[in-house]
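Peer 1: Now for the letters of each chain:
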Amino acid sequence: MRYLSILPIAAILAGCAAPSLYQWGGYDQALYAGYKDPAKMETLRVQLEKHIATMETSKQKVAPGLYAELGTLYLQSGASDKAIALYSQERAAWPESKGLMTAMIQNLERRQQAKVEAVK
Amino acid sequence: MRVFLCALVSVFLMGCVTQPTKKDMSAFQAAAPRSILVVPTINKSLDVDAPNYVLAALPVPIAEKGYYVFPVNTTKYVLEQEGYYEGERIHQQSTPVLAKLFDADAVLYVSINRWDAQFALLTTVVTVEFDYHLVSKDGTELWKENKRMQYQPQSNNAGHPLATLIVAVVNAAVARAAPNYMPLTQQANQQVFILGPNAIPNGPYWPTAAKY
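Protein chains in written order, with the working numbering: chain F, 1 to 120; chain D, 1001 to 1212.
Worth flagging that the hints you see were computed from the coordinates, not collected in a lab.
Model, not experiment: these values are computed from the prediction.
One or more hints might be untrue.
Claimed, not checked - Straight line, CA to CA, 20 Å or less: simulated EDC-like cross-link-like pairs of lysine to aspartate or glutamate:
1) K98(F) - D1103(D)
2) K40(F) - D1049(D)
3) K98(F) - E1129(D)
The whole structure should be built from the sequences, with the hints applied where relevant.
Peer 2: Spelled out as structure tokens, the structure:
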């Protein structure tokens, strides 16, 4: 009888513990791996790409920062168009990021503009 | 209903534990930050890789507490573009200047005090220790905490004394060759941000009871 009364409490506790607001798709582990071995940053990029696609198809909110982290990985590999698109998505999803994302987008657009003019 | 039961159960549980003194959170509540900028960490340990590893473990627990956390690797990249590579130099900057650069409500500074594996007789003790410091964009200190976590592989009694000794030596050698700091680091972060008596208050994205 005593066990019977403990069980539901344990079940309730399990329900309380570790409430998860977001799915991270292994972001923290992959970032750790990327810091440990820079070659693994590519794995982080692929993983984030896949995770964001899954979240978007299932209409779930993408965790804070993930669009921008993916954008920065693209920026570092020279794909500034993709970076701009992802920074815009971060800004649309999270109003708190607006100031930083707008500054980064404008900076990248200015750089692109300068490049175009240099070619002319 | 579930929330109610949880509350009830936690009242029960609290009954058993002596309540540690709560820190004053009035400055935090007055500032009510929505966004937290986690800047690269300061390293006081001897392990040169520790700062990045610790940085990677910080955003998830803080975001799960309901805050917008600026993307840590992007933050690191932006600061490097500005010429700031070292956590030490970043921590010396004035908080209002940093907060303005990122348009953040508060800045979290973490220093790594311990990150080591020490060999003692027949065992290895793995230790991590961090100082956490949250400062509002106007420079007011909102919250601080210190956390130390230790891990010592248990040598289960294997029956025969020699067998027990061998198990202990092997465990200690494994722990020393590849100390597993990350679980300890994650536990420390869980404790200070979510579970501990002085955990930061819930952020704006924390689901309110009404949503259940």
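Peer 1: Given the hint that K98(F) pairs with E1129(D), test it: the Cα-Cα distance must not exceed 20 Å.
Peer 2: violated, 34 Å
Peer 1: Do the alpha carbons of K40(F) and D1049(D) lie within 20 Å of each other, as the hint requires?
Peer 2: At roughly 15 Å apart (the allowed maximum being 20 Å), D1049(D) and K40(F) satisfy the hint.
Peer 1: Starting from K98(F), check that the Cα of D1103(D) is at most 20 Å away, please.
Peer 2: holds, 8 Å
The structure is inconsistent with hint 3 alone, although it conforms to all the rest.
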